[in-house]
Amino acid sequence: AQRVTQPEKLLSVFKGAPVELKCNYSYSGSPELFWYVQYSRQRLQLLLRHISRESIKGFTADLNKGETSFHLKKPFAQEEDSAMYYCALRVGFGNEKLTFGTGTRLTIIP
Amino acid sequence: EPEVTQTPSHQVTQMGQEVILRCVPISNHLYFYWYRQILGQKVEFLVSFYNNEISEKSEIFDDQFSVERPDGSNFTLKIRSTKLEDSAMYFCASRELLEQFFGPGTRLTVL
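Chains as they are written, first to last, in the working numbering: chain A, 1 to 110; chain B, 1 to 111.
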């Protein structure tokens with residue numbers, strides 16, 4: 001079965017410093033990877049997906065199949081980045097469920 | 001911008017009681033999901049629903065759970081006889097193409 005691991009439950013970073021939220025997955029095939037974000041008192045929302053290869057709010061994530069990782073990065077943290085971040089995986093067409101990691105709470109220190 | 005809505009935002013019930021959690025997916029979406037998150041734990045998939053039937057369910061989704069789309073707009077999750085361990089945040093999601101859009105969640109507290 002597939003699994004997503006986010007090793008850091010909490011991460012504090014100073015404003016302006018680089019951010020890296022780690023995500024590793026286990027799945028023998030080719031999954032789709034996502035990052036979801038949940039700001040305080042708001043719903044889960046999609047931040048980015050690996051197939052889009054886009055940058056959203058300054059965040060990027062590269063799928064590394066060799067290391068089975070999908071780390072989320074931002075070069076300069078902003079206070080509004082404080083939120084809960086979840087890495088998620090989806091496998092195969094037709095199997096549409098998302099498998100989530102436990103999440104990382106990111107706090108940006110002013 | 002259309003959003004998934006869920007009611008109630010918080011439900012408190014006694015163990016053994018039935019609860020129905022309600023969701024209104026985004027109107028043109030065809031795929032519907034329920035997830036739950038026990039406090040301090042990960043978001044877990046419960047069930048997916050398409051074309052008026054369950055397309056996949058997890059091992060959590062036992063005979064105590066059922067889903068229904070009683071009309072063209074609502075999507076409900078029923079727990080027939082609640083247990084203490086059903087206390088969690090329950091999220092509904094819907095999808096048209098690739099992205100799942102989540103509702104704000106219903107916090108279920110079983111006493």
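Honestly, the hints are just simulated from the structure, not real lab data.
Since the structure is predicted, the reported quantities are computational estimates derived from the model, not experimental observations.
Worth double-checking, as some hints may not be accurate.
What the hints assert, rightly or not - Here chain A is said to cover these stretches of chain B; the calculated rule only asks that three of the stretch's residues, wherever they fall, bring their Cβ under 8 Å from a Cβ of chain A:
1. 37 to 46
2. 102 to 108
To be verified - Here are the simulated SDA-like cross-link-like pairs (lysine to any residue), alpha carbons at most 25 Å apart as the crow flies:
3. A:9 to A:68
4. B:57 to A:3
5. A:57 to B:96
6. B:78 to B:68
7. A:9 to B:96
What the hints assert, rightly or not - The calculated label-pair distances, taken between Cβ atoms and stated as ranges, are:
8. B:56 to A:56: 23 to 31 Å
9. B:12 to A:73: 36 to 44 Å
10. B:11 to A:84: 18 to 26 Å
11. A:8 to B:74: 35 to 43 Å
Virtual Cβ for every residue (Gly too), placed ideally from N, Cα, C.
Hint by hint, here is what the structure shows:
no.: 1; hint: 37 to 46; result: holds (count 5)
no.: 2; hint: 102 to 108; result: holds (count 4)
no.: 3; hint: A:9 to A:68; result: 19 Å, holds
no.: 4; hint: B:57 to A:3; result: 17 Å, holds
no.: 5; hint: A:57 to B:96; result: 24 Å, holds
no.: 6; hint: B:78 to B:68; result: 8 Å, holds
no.: 7; hint: A:9 to B:96; result: 32 Å, violated
no.: 8; hint: B:56 to A:56: 23 to 31 Å; result: 28 Å, holds
no.: 9; hint: B:12 to A:73: 36 to 44 Å; result: 41 Å, holds
no.: 10; hint: B:11 to A:84: 18 to 26 Å; result: 22 Å, holds
no.: 11; hint: A:8 to B:74: 35 to 43 Å; result: 38 Å, holds
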